[in-house]
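A.B. asks: Listed below are the residues making up each chain.
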Amino acid sequence: MMASSYSAKDEDGHITVSGPGGGTLRNKKPENTAFKQQRLPAWQPILTAGTVLPAFFIIGLIFIPIGIGLYVTSNNIKEFEIDYTGDDTSSPCYNCAKNFSWNNTKSCTCTIPFQLDQPYESNVFMYYGLSNFYQNHRRYVKSRDDSQLNGNIDSLKKPSKECEPYASIDNKPIAPCGAIANSMFNDTLKLFYNDPNGTSVPIPLTSTGIAWWTDKHVKFRNPVGTNSNLTAVFQGTVKPVNWHRPVYELDTDPENNGFINEDFIVWMRTAALPTFRKLYRIIQKKNNMAPTLPRGNYTLVVDYNYPVRSFEGRKRMILSTISWMGGKNPFLGIAYITVGSVCFFLGVVLLVIHHKYGNRNNSANISN
Amino acid sequence: LSSLFTTTDRCSFGGEDRRVGSRTIYVGHRPCPANEVFIPPKFCDNRIVSSKYTVWNFLPKNLFEQFRRIANFYFLIIFLVQVIVDTPTSPVTSGLPLFFVITVTAIKQGYEDWLRHKADNEVNKYRVTVLEDGRRIQKESEKIKVGDVLEVEEDETFPCDLILLQSSRDDGTCFVTTASLDGESNHKTHYTVPDTERDVESLNATIECEQPQPDLYKSLGPENLLLKGATLKNTQSICGVAVYTGMETKMALNYQGKSQKRSVVEKSINAFLLVYLCILVSKALVCTTLKYVWQSKPGQDEPWYNEKTLKEKETNLYLNMFTDFLSFMVLFNFIIPVSMYVTVEMQKFLGSFFISWDKDFFDSEIEEGALVNTSDLNEELGQVEYVFTDKTGTLTQNNMEFIECCIDGHQYKYRDASSEVDGFCVTDGPMNTVQQKAGREREELFLRALCLCHTVQVKEGFIASSPDEIALVQGAMRYGFTFLGLESKTMKILNRTNDVEMYELLHVLNFDPVRRRMSVIVRSISGETLLFCKGADSSIFPRVKQEEVEKIRMHVERNATDGYRTLCVAYKHLTAEEYDQVDSGLREARLALQDREEKLMAVYNQVETGMNLIGATAVEDRLQEEAAETMEALQGAGIKVWVLTGDKMETAKSTCYACRLFKRNTELLELTVRTLESPGKRREDRLHDLLLEYHKKTVQDAPPAKTCVASQDYGFIVDGATLSMVLNSSSENNLHDYKDLFLQICQNCTSVLCCRMAPLQKAQIVKMVKNSKGSPITLSIGDGANDVSMILEAHVGIGIKGKEGRQAVRNSDYAIPKLKHLKKLLLGHGHLYYVRIAHLVQYFFYKNLCFILPQFLYQFFCGCSQQPLYDAAYLTMYNICFTSMPILAYSLFEQHISIEMLLENATLYRQIGKNAMLRWGPFLYWTLLGVFHGLVFFFGVWFLFSNPALQDNGQAFGNWSYGTIVFTILVFTVTLKLALDTRHWTWINHFVIWGSLAFYVFFSFFWGGVIWPFLRQQRLYFVFANMLSSVSAWLVIIVLILLSLLPEILYVVLRKPRGPYARQKLVQSSAGGIQSPRSSARPLLMRTFSDESNTVS
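As they're listed, the protein sequences go chains A and B. What the first sequence shows, in the working numbering, is residues 94 to 461, in sequence order. What the second sequence shows, in the working numbering, is residues 132 to 1228, in sequence order.
Hint data in this document are derived by calculation from the structure and do not stem from the laboratory. Please note that a few of the clues may not be correct.
What the hints assert, rightly or not - Partner residues aside, some chain B positions facing chain A, computed with beta carbon under 7 angstroms: (1) Lys-490; (2) Glu-496; (3) Glu-824; (4) Gln-998; (5) Phe-1074; (6) Pro-1079; (7) Gly-1085; (8) Gln-1148; (9) Tyr-1152; (10) Ser-1163; (11) Trp-1165.
Ideal Cβ positions, reconstructed from N, Cα and C, are used throughout, including at glycine.
Model the full structure from these sequences, guided by the hints.
C.D. replies: Written out as structure tokens, the structure is:
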């Protein structure tokens, strides 16, 4: 095997690697230092039932309340999810999904009514969720050019090879290049509140503050040309194949346009698992009196541009409030309660053992 | 005139037949007139080349050598795969560590080679004086050619192997020391070639000699041959002709590395590696298969958002499968880490310093501490099952004291002098104090024999290669006969009447272990030719007149049972004719080209017959300090001690009793020449019966191993002659394999004594035990040249820096000044080293398993696309920076039980016996632990990521955050796991463990805090900082670390204390340790231990 021959030293036997000493230490009394005599002062903990017992109880006592707290917090988070993939004939988006073609110049719109049983008090976060979408596929993850996205002019004109086959069309560089950018989620989701009096009130959606601050301000930069006009800077590049608009027309707000468009940045942060959600919009709480989203009927209007049927994917729209621990996820609470309980239970078992077998083992620490 | 000498020389060196195995040398390159044609023969020049590389070939040659090692080659392949094939991780991840390893090794080897170049140059450029055509020419040593006549001055080293032609001393002798060759510092006398003319310049001669051969120790060459490396002493200058030069000198031929010994730990590592390689390959296979299964579903292989490049589309499916397989291999190859080899090597190298630093191993007498010749076997010291020890110089001090003698059956005891009633006797010389039982003439003959029959030199005291001889000469001095020295073949003795007696030394028949005797032939002033012989009783008795034997034998046997070394002294008158015959026989044999040894032996045996026995001497060889305690501790540690000695049975037995290897209740089973002799039976039959009887007693009737406490102790004694019968008879007797029987008996005895052993037999025994069932780890300890064979044969060879030269030390793996140090070396250092390295190995496999398992599991969630879970920086740094230092510190400083405790409780050694910590059980435990941790890390975070919105501003985490969270948990868990295992927290452990964790956090911040211009993707940009801003991430990290460590804590707590006895001791001594300050308590503890053991037994 490999190890045996690995350390077979110098097969030709010219030198036998000798250990230390080798004659140089002759006639020299070894120094009597704590280090050399292996007597450095040391703390020598001995874990016994006696010493570990309190630790188990303490852990149990800390974890169980935290767990309960987490669980309650998670349960208090309000979340509403609606699947608008449209592969079911009854689904409002069925036609859009069925008739989807990349050549459609006009986007297909479908409206999905839904009802919120509870009012959403605080800020509401609107996510889109995709399933069976492998954003973490290796070919996909690496298909980007961070240097281009950072505003490097050279990379803009000559995208990295990693972007292939989304690097250029007819020798014109794609900006932004790569599979990730190319497949950017481009459904437009709009929310309308159906007032009990019959009118449909559009709900204002904030599209900033959804990406990491560092991404938006450092990692992603628009290329700075001689011209401050974004259109001019991107001159000579072409839009990604599957995009409807070029990158400099993503938004009207210059602070949210081009590479620093937050929808774009959010998309570029590849998800960990094939089922994921990404922050889409934030519904800000207007005033302290009224809930952000009162109880009642709503309509979700979707510009259906994003096909998922070909790979059996699903699309969802999620409305969620957020707590200090993030979105709704009962896992942490359950984990803490479980671990805490186990620790507590073990503490009891150890206590029994400790009592049964006496204090014989309780030799505690030999410290120096 | 010169032609005359040529013929003489031809006769003396050559003989008529010019065999292939000999070389002809023309002294001074002058063609011999008698010779037909002068063809300058081709010999190699005198350049010593020990270096391997030159400046030009260093890089290619060194790289080639390094990549010949399969592990390096494996990593190179992985690296190349990464470069060529499109793999998930960058080539840097495996290239950097490999580059590091290769560079460090290359630098180390380059430096060593540079040192060799320097040493070579020093030797090769050394100025020597060559006599050429009557002129003295200074030459560089490397330019010496065979046949050159060289002049060497006092204290110079011989530049090549020379035949001594001329010495500045009148008697044609010179003295050399061979300290640099074999470590023996005594002066050896060499003689000029007889009858060469005084005028070397015009000498015309040829020499025929043997082709170069490495045989250095058989005897240091014929007495005319001066070896390269030896130093001229006490002689102004000599002239000699170069016969062997350069790489053909005996020194160069002997300059070969010893065969490498491998430790059991390495075998375990290899076995584990095989398992991990299987895991690696099966992981890659599973992933490749799943990938193609997954891709076969419609829409999965190439969804619209993730199209392949043209090149990828065109590649052949099977080639794709193959490259995918390779990619997976690369992705998971971290499971077999390069760094483990580096760490293991480092641990061994650095760890061995503690042995040479240990002041307990320092012996003030010889001013030396322990010496570590190899660091590869540290852990083997903790695994020893059999100790083979030499007796003389190892168990005993080899510090001889003349106790008494016996002349003609009358006992003379020097020590009685002090207790003698009449006080004047003390001053009057000891001989008078004893009742004059033997005749005065016999006494004086005996004392003259003691004064003459030896090879002692006088130089500020006596110098001899054997301490027995000094003791005897000193003994004779007490009785009034003082040896004054040897001057130009004349031995001077100061006798009782203060007269100087002169004897011409004619021949010395050197001692050798086969004959077990030595003789001198001297001629007294009166013209009498006498042969004095001294030797072991068994070798003398058959060669003297039988009627003299009986009265001496009694004394010899009594002395032997007292534990003294006995020698018998005999003499013989040689008539002139007899002497002439002997003289010519010896000369002829000495100059023989072939079978010199055998021929000499034959002459010796022929001369040393029909002698007259005068008496016997008894010399005490005292036991080494704490020999008994050491042996007892070793036996307590479950180590079987075998004494292998060349000494006679009675002496050896008494030493064994004194060392408490045999105790009063030990039943001795004897298998010696004596017990084999029984009337009316062939010795073979008797051997057969005895073997069966002993076998029945020890093996079949022995109670089952579990209840061994109360069973009878057996001691086994065997002698060399019987042993060879046992070993050689197996072929005839296919029914009962004697060897097996013998081995089984031996293994069931607590201690075994093998006496009358030849050096080779010692090695044979070691080999036999080494290769027996279960291949136990053997250790040989000895101090003399006769122990070298067994030291080299055993798994671990220990040399004692004794008085019999340094050959044992040179060939050993570890050298210690005294036997008593063996206890600490095995029970203290050995135990700790084993625990350390075993833990190191297990931990390394474990930490890489739980490192790679999440990566493997991630493949199920990313379409088996080889997407790495961790960033490349983490992949690279994990083994190099984040987790390497704590385990290295652990493996250097851990003392799970303090050294004092280990020394006090020898039984603790048994717990780690039989490679206890590296067997499949513990390996399975660690592997399961690794799997458990891997699963916890991955799925814990997986559950968390069911909703990736983990920040309080609703923002979501991506795949790199996922990997970073898993990695953070991983680094903390494996480090804390090690912290849990650490029983000995020095400040270094604290520093390194907490330092590594701090470094990880710092590095992550740093790595994620900058847009690195050389990176194509800023994957980790602010990922770590964002992770820390999420409360959920903190909470999941904490709970998963705790969950991972929970079983470990439970295991530690619930594990049964290691034997009730050990535990109690632990408590007791800890209580004792608290009472008294440590520094003063230590020597006290040692002392009480030895006292205790005295009283207990």
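A.B. asks: Taking the hints in turn, state whether each one holds.
C.D. replies: Results for each hint:
1. Lys-490: holds, 5 angstroms
2. Glu-496: violated, 12 angstroms
3. Glu-824: violated, 44 angstroms
4. Gln-998: holds, 4 angstroms
5. Phe-1074: holds, 4 angstroms
6. Pro-1079: holds, 6 angstroms
7. Gly-1085: OK, holds: Gly-1085 of chain B within 7 angstroms of chain A, min 4 angstroms.
8. Gln-1148: holds, 5 angstroms
9. Tyr-1152: With a minimum Cβ separation of about 5 angstroms from chain A (threshold 7 angstroms), the hint on Tyr-1152 of chain B holds.
10. Ser-1163: holds, 5 angstroms
11. Trp-1165: violated, 10 angstroms
Violated hints, listed in ascending order, are 2, 3, 11; each of the other numbered hints is respected by the structure.
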